[in-house]
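J.: In order, the protein sequences belong to chains A and B. Using this note's numbering, read the first sequence as starting at 1 and increasing by one per residue. Using this note's numbering, read the second sequence as starting at 293 and increasing by one per residue.
One or more hints might be untrue.
[Claimed, not checked] Mimicking EDC-like on lysine to aspartate or glutamate, the simulated pairs with C-alpha atoms at most 16 angstroms apart in a straight line are: (1) A:Lys277 to B:Asp521; (2) A:Lys269 to B:Asp298; (3) A:Lys2 to A:Asp258; (4) B:Lys329 to B:Glu349; (5) A:Lys204 to B:Glu476; (6) A:Lys2 to A:Glu156; (7) B:Lys546 to B:Glu562; (8) B:Lys569 to A:Glu83; (9) A:Lys254 to B:Asp539; (10) A:Lys239 to B:Asp521; (11) A:Lys8 to A:Glu61; (12) A:Lys267 to B:Asp521; (13) B:Lys546 to A:Asp240; (14) A:Lys244 to B:Glu547; (15) A:Lys277 to B:Glu497; (16) A:Lys244 to A:Glu180; (17) A:Lys76 to A:Asp247; (18) A:Lys239 to B:Asp359; (19) A:Lys8 to A:Glu40; (20) B:Lys546 to A:Glu61; (21) A:Lys269 to B:Asp517; (22) B:Lys294 to B:Glu349; (23) A:Lys239 to A:Glu180; (24) B:Lys546 to A:Glu251; (25) A:Lys267 to B:Asp456; (26) B:Lys536 to A:Asp258; (27) B:Lys569 to A:Asp229; (28) A:Lys254 to B:Glu543; (29) B:Lys357 to B:Asp298; (30) A:Lys244 to B:Asp550; (31) B:Lys496 to A:Glu156; (32) B:Lys531 to A:Glu263; (33) B:Lys559 to A:Glu228; (34) B:Lys464 to A:Asp211; (35) A:Lys277 to B:Glu520; (36) B:Lys496 to A:Glu251.
Quick caveat, the hints were computed from the structure, so don't treat them as lab data.
Each chain, letter by letter, is given below.
Number of protein chains: 2
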Amino acid sequence: MKLCSDSKILIVGLGLIGGSYAQGLSAKGYEVGGIAKSAETVAYALGKGYISSGYTEVNKEYVGKFDVVIFALYPKVFLSWLEKYGSYIKRGAYVTDVTGVKTSVVYKAREILRGRAEFIGAHPMAGKEVYGIKNADYKIFRGANYIVTPTADNTEDAKEICADIGRALGFKRISFLSPEEHDEMIGFLSQLAHMIAVALMDCKESKHLVDYTGNSFRDLTRIADINEDMWTELFLLNKDELIKQTDLFSEKLKELRDALAEEDAEKMKEMMRLSSKRRRYFNVKPKEEKIE
Amino acid sequence: MKLCSDSKILIVGLGLIGGSYAQGLSAKGYEVGGIAKSAETVAYALGKGYISSGYTEVNKEYVGKFDVVIFALYPKVFLSWLEKYGSYIKRGAYVTDVTGVKTSVVYKAREILRGRAEFIGAHPMAGKEVYGIKNADYKIFRGANYIVTPTADNTEDAKEICADIGRALGFKRISFLSPEEHDEMIGFLSQLAHMIAVALMDCKESKHLVDYTGNSFRDLTRIADINEDMWTELFLLNKDELIKQTDLFSEKLKELRDALAEEDAEKMKEMMRLSSKRRRYFNVKPKEEKIE
Chain A
1 MKLCSDSKIL IVGLGLIGGS YAQGLSAKGY EVGGIAKSAE TVAYALGKGY
51 ISSGYTEVNK EYVGKFDVVI FALYPKVFLS WLEKYGSYIK RGAYVTDVTG
101 VKTSVVYKAR EILRGRAEFI GAHPMAGKEV YGIKNADYKI FRGANYIVTP
151 TADNTEDAKE ICADIGRALG FKRISFLSPE EHDEMIGFLS QLAHMIAVAL
201 MDCKESKHLV DYTGNSFRDL TRIADINEDM WTELFLLNKD ELIKQTDLFS
251 EKLKELRDAL AEEDAEKMKE MMRLSSKRRR YFNVKPKEEK IE
Chain B
293 MKLCSDSKIL IVGLGLIGGS YAQGLSAKGY EVGGIAKSAE TVAYALGKGY
343 ISSGYTEVNK EYVGKFDVVI FALYPKVFLS WLEKYGSYIK RGAYVTDVTG
393 VKTSVVYKAR EILRGRAEFI GAHPMAGKEV YGIKNADYKI FRGANYIVTP
443 TADNTEDAKE ICADIGRALG FKRISFLSPE EHDEMIGFLS QLAHMIAVAL
493 MDCKESKHLV DYTGNSFRDL TRIADINEDM WTELFLLNKD ELIKQTDLFS
543 EKLKELRDAL AEEDAEKMKE MMRLSSKRRR YFNVKPKEEK IE
């Protein structure tokens with residue numbers, strides 16, 4: 001089975017990502033319902049046609065009519081929602097999410113649902129530096145990556161449906177990684193990058209530096225303007241992996257720093273040749289790709 | 293005295309920056325001569341009208357006719373040139389450079405010239421990731437910063453002439469910093485940024501990561517594709533300052549890493565709030581600004 005054209009999809013959480021999902025899936029012709037905390041958000045989503053029904057309350061009958069439920073909440077809020085209302089979900093439904101950490105979420109979600117409905121994790125690697133449904137725009141998914149993170153227990157149907165959601169939203173590349181592989185990769189590529197940017201920006205009062213700052217420093221610190229609640233939660237939920245990646249980076253930086261201290265020019269050049277070679281793999285930059 | 297319209301300017305070294313200087317100053321109507329290692333480069337510069345005379349040999353009579361001499365060479369090559377041929381320079385001429393480190397260059401250059409001609413350092417904060425005179429384009433200076441680095445002994449005339457060169461080339465902002473202030477600032481804003489990018493790129497074989505890499509990691513590592521000879525020389529010439537800046541950064545990163553290890557969410561959020569606040573000073577990005 002794949003995602004059917006008459007599948008009813010519920011999106012819980014209508015922020016930037018949930019709102020963009022709702023917009024994109026409705027545009028594709030799916031019947032999309034929504035649950036959000038604020039009445040204003042629900043009214044906005046209804047008014048824009050992103051959802052055809054929506055509530056601020058969690059109603060058993062309403063939740064129970066959907067074939068697919070997508071959670072677009074912060075990881076911890078998502079898990080407590082599931083603890084509280086998971087039993088409202090239709091038996092046999094497929095449940096997925098959009099959170100940026102997987103190992104600490106996926107197994108718990110599957111455990112809470114206990115086979116009543118099938119959970120399968122997904123990470124849409126897209127975002128903007130603005131928040132809320134008023135900034136929703138499913139075009140941010142075009143050209144971006146979408147990672148499905150099945151466990152050994154997930155069914156083929158769940159994998160296909162989850163991948164179909166990514167395809168319906170226009171993601172460029174759908175891949176499959178285990179939750180553990182995902183967290184290692186995202187710990188290095190995304191979370192460590194944010195750690196570095198925050199630490200660098202925290203080094204000095206920067207007001208007087210603005211006049212001398214060029215593209216290198218600007219590019220490195222762009223992501224230092226950061227949503228502290230979300231990223232602190234994501235960092236903590238991937239703690240062990242992120243610490244491992246940070247220590248790996250710190251060791252490499254120390255290697256270069258020590259080569260400099262010892263005036264070992266050959267070692268420095270060797271490290272630069274390696275970085276140049278590896279960076280060139282990235283030279284073809286896909287259009288509109290985003291990852292936060 | 294300021295830079296006169298009939299001042300004769302010699303540019304030694306006709307690579308990307310020297311070539312762009314020659315092009316820009318000729319376009320402004322100055323008489324520009326050039327010295328470069330390769331006959332092909334000299335011929336190209338003459339053919340394009342970037343210089344009105346040029347040689348591969350260093351001829352005493354030729355060098356002696358210029359009022360201003362600009363060195364666009366790697367720092368060490370520049371200092372040995374000056375050792376060897378400094379006495380050819382016209383008595384009372386003004387001499388400047390384009391190197392990215394100052395303390396280790398400026399005092400030596402002044403010492404070598406021993407008052408025969410007046411040296412004053414300058415750092416045009418512009419560049420491209422390509423090299424050679426065929427990529428010369430003085431439009432890279434538009435919107436960029438140009439820093440004059442006088443010592444306590446420089447004359448007002450030298451400062452004005454050096455600033456005038458920056459103005460003639462179209463730099464957006466001309467500032468004055470002591471060589472020491474310059475090196476601290478550039479150690480942090482530019483060299484440390486390059487250290488971080490190289491170390492991060494060296495952490496892992498990255499071919500398989502390309503598929504999952506988004507803008508954060510791409511932005512952080514753009515400058516990891518690096519000219520190893522030039523940057524190793526620049527790093528070594530600013531060794532003490534760069535080690536100081538790198539250690540400052542490593543400490544900050546360790547602070548954030550330790551907060552994560554201790555699950556000190558409040559400390560993590562505090563560091564993120566500070567980085568967000570400081571990064572917002574940079575939000576207005578000047579058009580076409582470049583710094584390498």
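J.: What hint numbers does the structure not satisfy?
T.: When the structure is compared with the hints, numbers 2, 3, 8, 10, 17, 18, 19, 20, 22, 25 and 31 turn out to be violated.
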